[in-house]
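Novice: When you get a sec, could you build the whole thing from the sequences and use the hints?
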Amino acid sequence: MIKFLLEKLGVLSLTFLGVSILSFSLIRFVPGDPVLLLLGERGASPELYAKMKKDMGLDKPLVSQYGQFVGNVLQGDFGTSVVSKQPVTEEFLDRFPATLELGITALTFAIIFGIPFGIFAAIYRNKFPDYTIMGVALIGYSMPIFWWGLVLILIFSVTLGLTPVAGRLSVMFDIEHVTGFMLIDTLLSPEDKWPAFLDALKHLILPAIAMGTIPLAVIARMTRSSMLEVISEDYMRTAKAKGLSRFKVVAIHGLRNALIPVVTIIGLMFGSIITGAILTETIFSWPGIGKWMVASVTARDYPVIQGGILFIAGMIIIINLLIDVMYIVVNPKMRG
Amino acid sequence: MILEKEVLLKVENLNISFESMRGDLHAVRDLSFEVYPGETLGIVGESGCGKSITSLAIMDLLPATAKVDASHFYFKNQNLLTMNEKEKAKIRGSEIAMIFQDPMTSLNPSFTVGYQLMETIKLHFGGSKIQIKEKAIHLLTQVGIPSAETRLKSYPHQLSGGMSQRVMIAIAIACKPKLLIADEPTTALDVTIQAQILSLLNDLQKEYNMAIILITHDIAVVAQMAERILVMYSGECVEAGLIKEVINNRKHPYTEGLLASLPSSQNSRQHRAKLPSIPGLVPDLANRPSGCQFNPRCKYTANICKENNPDHISFDSNNHIVKCHTPLANQEAT
Numbered sequence: 125m126i127k128f129l130l131e132k133l134g135v136l137s138l139t140f141l142g143v144s145i146l147s148f149s150l151i152r153f154v155p156g157d158p159v160l161l162l163l164g165e166r167g168a169s170p171e172l173y174a175k176m177k178k179d180m181g182l183d184k185p186l187v188s189q190y191g192q193f194v195g196n197v198l199q200g201d202f203g204t205s206v207v208s209k210q211p212v213t214e215e216f217l218d219r220f221p222a223t224l225e226l227g228i229t230a231l232t233f234a235i236i237f238g239i240p241f242g243i244f245a246a247i248y249r250n251k252f253p254d255y256t257i258m259g260v261a262l263i264g265y266s267m268p269i270f271w272w273g274l275v276l277i278l279i280f281s282v283t284l285g286l287t288p289v290a291g292r293l294s295v296m297f298d299i300e301h302v303t304g305f306m307l308i309d310t311l312l313s314p315e316d317k318w319p320a321f322l323d324a325l326k327h328l329i330l331p332a333i334a335m336g337t338i339p340l341a342v343i344a345r346m347t348r349s350s351m352l353e354v355i356s357e358d359y360m361r362t363a364k365a366k367g368l369s370r371f372k373v374v375a376i377h378g379l380r381n382a383l384i385p386v387v388t389i390i391g392l393m394f395g396s397i398i399t400g401a402i403l404t405e406t407i408f409s410w411p412g413i414g415k416w417m418v419a420s421v422t423a424r425d426y427p428v429i430q431g432g433i434l435f436i437a438g439m440i441i442i443i444n445l446l447i448d449v450m451y452i453v454v455n456p457k458m459r460g
Numbered sequence: 023m024i025l026e027k028e029v030l031l032k033v034e035n036l037n038i039s040f041e042s043m044r045g046d047l048h049a050v051r052d053l054s055f056e057v058y059p060g061e062t063l064g065i066v067g068e069s070g071c072g073k074s075i076t077s078l079a080i081m082d083l084l085p086a087t088a089k090v091d092a093s094h095f096y097f098k099n100q101n102l103l104t105m106n107e108k109e110k111a112k113i114r115g116s117e118i119a120m121i122f123q124d125p126m127t128s129l130n131p132s133f134t135v136g137y138q139l140m141e142t143i144k145l146h147f148g149g150s151k152i153q154i155k156e157k158a159i160h161l162l163t164q165v166g167i168p169s170a171e172t173r174l175k176s177y178p179h180q181l182s183g184g185m186s187q188r189v190m191i192a193i194a195i196a197c198k199p200k201l202l203i204a205d206e207p208t209t210a211l212d213v214t215i216q217a218q219i220l221s222l223l224n225d226l227q228k229e230y231n232m233a234i235i236l237i238t239h240d241i242a243v244v245a246q247m248a249e250r251i252l253v254m255y256s257g258e259c260v261e262a263g264l265i266k267e268v269i270n271n272r273k274h275p276y277t278e279g280l281l282a283s284l285p286s287s288q289n290s291r292q293h294r295a296k297l298p299s300i301p302g303l304v305p306d307l308a309n310r311p312s313g314c315q316f317n318p319r320c321k322y323t324a325n326i327c328k329e330n331n332p333d334h335i336s337f338d339s340n341n342h343i344v345k346c347h348t349p350l351a352n353q354e355a356t
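Here the protein sequences line up with chains A and B, keeping their order.
Mapping of the first sequence onto our numbering: residues 125 to 460, in sequence order.
Mapping of the second sequence onto our numbering: residues 23 to 356, in sequence order.
Rather than coming from a laboratory, the hints here were simulated on the basis of the structure.
Where hints are given, some of them may not hold.
As the list claims (entries may be wrong) - Dumping the calculated BS3-like pairs for lysine-lysine here, alpha-carbon to alpha-carbon at most 25 Å:
(1) B:K296 to B:K321
(2) B:K157 to B:K198
(3) B:K151 to A:K372
(4) A:K127 to B:K175
(5) A:K457 to B:K155
(6) B:K157 to A:K372
(7) A:K457 to B:K175
(8) A:K372 to B:K110
(9) B:K198 to A:K372
(10) B:K198 to B:K175
(11) B:K32 to B:K228
(12) B:K175 to B:K157
Specialist: Right, here's the structure in full:
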């Protein structure tokens with residue numbers, strides 16, 4: 125186990141290096157000059173422009189810029205935003221919990237519904253429930269998130285008035301940020317505990333559904349096909365021959381094996397959920413890293429872009445590592 | 023002697039068919055046999071002759087597309103055809119148990135051997151955790167697994183094929199079943215292990231007085247293990263009777279072919295002759311030959327064989343039956 129983790133860490137640090145090179149170089153190849161954007165196209169004199177460029181360190185050769193960037197990162201300094209003048213780390217930590225809360229909720233929603241739907245479809249293979257579930261899953265999978273988000277807002281917020289349109293919490297609540305997770309913070313606050321919690325939940329539901337729909341469809345389809353494969357295995361026959369009820373055969377002997385590939389998929393989905401946050405967060409004005417990254421790209425805020433990408437990559441790498449560990453837990457053959 | 027005992031399993035005119043794109047496929051046709059307590063019945067035939075399907079039908083483990091029908095299908099005076107799912111589940115594993123062809127895939131790879139064994143004990147007996155565990159250790163020891171207590175924590179992929187089959191046998195005998203169906207129990211194992219497993223089954227049968235239906239394509243295994251034999255061909259019983267009588271006094275050309283295709287020490291020593299085989303293939307279920315099912319491959323085929331499917335005829339003693347128009351004459355014992 126320790127050897128496995130060390131090996132993984134070795135590979136991961138290489139991945140990290142690759143990501144840093146990519147994120148550093150890609151933004152510099154994109155047209156647009158951060159200095160010019162900051163000064164405004166008209167008002168800058170060449171002297172001012174040159175001074176600004178020098179202050180930001182952009183006058184040096186790319187290689188030495190990169191060297192400095194990596195050196196700073198290794199010391200824990202991800203740079204300072206040129207727009208807000210705030211450290212990138214601080215800005216990231218401010219916003220990341222919002223994205224994480226949304227992502228976890230969306231994925232939980234997808235898992236809670238996706239796995240049972242998949243099992244159900246597999247059991248009723250090629251019958252009405254199967255066709256219905258798989259049909260709906262296909263529609264869910266094909267839906268563009270921005271359109272689906274707007275439809276949800278239109279139905280639940282505008283027409284039915286059940287949920288708020290945007291944000292994480294109504295302005296009337298004043299909640300101290302302890303963990304950054306609104307659902308937890310509201311419960312920790314001394315007053316208005318439950319009303320605030322419900323309000324946060326209401327804000328969370330629609331974006332979580334919008335974000336979780338595609339993962340739900342993928343998980344349902346994956347669970348179905350994996351379950352179908354497992355159902356025809358010899359050990360399922362053995363389990364039935366022992367006298368176990370049909371439910372136990374599927375729920376105990378089938379599910380444990382069928383979930384092995386599903387766990388992998390869920391891990392991959394988590395990465396795509398964090399990157400997919402860009403669309404959902406923009407539609408629902410969710411103050412997370414998706415929105416933050418979009419804004420920084422528009423402003424050519426180099427430190428935020430490269431730092432942010434590194435952070436996100438780091439998160440995805442850590443999640444993948446956790447998934448690998450999970451994989452060992454569910455699959456005894458991996459334990460050797 | 024056997025006849026005096028009460029019948030354990032009685033099957034009469036069993037028909038099993040599968041729905042398919044090409045119409046109904048009749049995998050088993052008019053099969054009748056009985057099993058008595060404590061005896062071993064060997065069912066022999068080529069792949070695809072319906073022997074495994076018959077055993078799965080007894081356990082009701084066939085897929086939903088299978089249609090099972092019989093005029094009589096009783097286990098201990100309980101009608102297997104009219105039983106509901108709950109009653110069947112009660113019999114499965116406790117009264118009738120089964121071991122399968124490939125032990126490596128028949129155990130669940132995600133659970134420990136101990137879990138899978140104790141699950142059965144818990145299901146049919148209950149008891150405290152410690153009692154169940156003690157029983158599991160006892161069973162594993164009984165089927166010849168060394169250091170049983172540590173083996174409980176093993177996963178199936180950590181066991182050899184022979185070990186896995188022993189575990190399967192331990193699971194099967196956990197509830198002291200009256201009937202054990204062994205579907206090609208040694209096919210996936212090598213020959214030395216095969217002998218060990220067969221003798222283990224023999225010992226357990228004596229100890230628990232359980233009946234065994236031994237399904238195999240290897241007539242030599244049946245000759246070694248069984249009291250009675252049933253030879254199946256293309257879903258039908260072509261010859262059945264006491265093992266000695268059928269082997270020494272075979273009446274059906276197919277049985278003759280099966281016996282002739284056994285490698286014997288004589289054969290190989292004489293002139294390295296090619297091992298005799300039965301020419302042709304088992305008929306396609308969707309496209310059965312007319313008349314006797316074996317006629318396209320039979321060397322004694324007469325005109326009548328192509329027209330009528332023969333009925334069973336009884337021979338000399340009570341139980342030797344043959345389904346053939348041109349049964350072989352009496353022979354010297356080999």
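Novice: I'd like to know which numbered hints this structure contradicts. Please list them from smallest to largest.
Specialist: No hint contradicted; all consistent.
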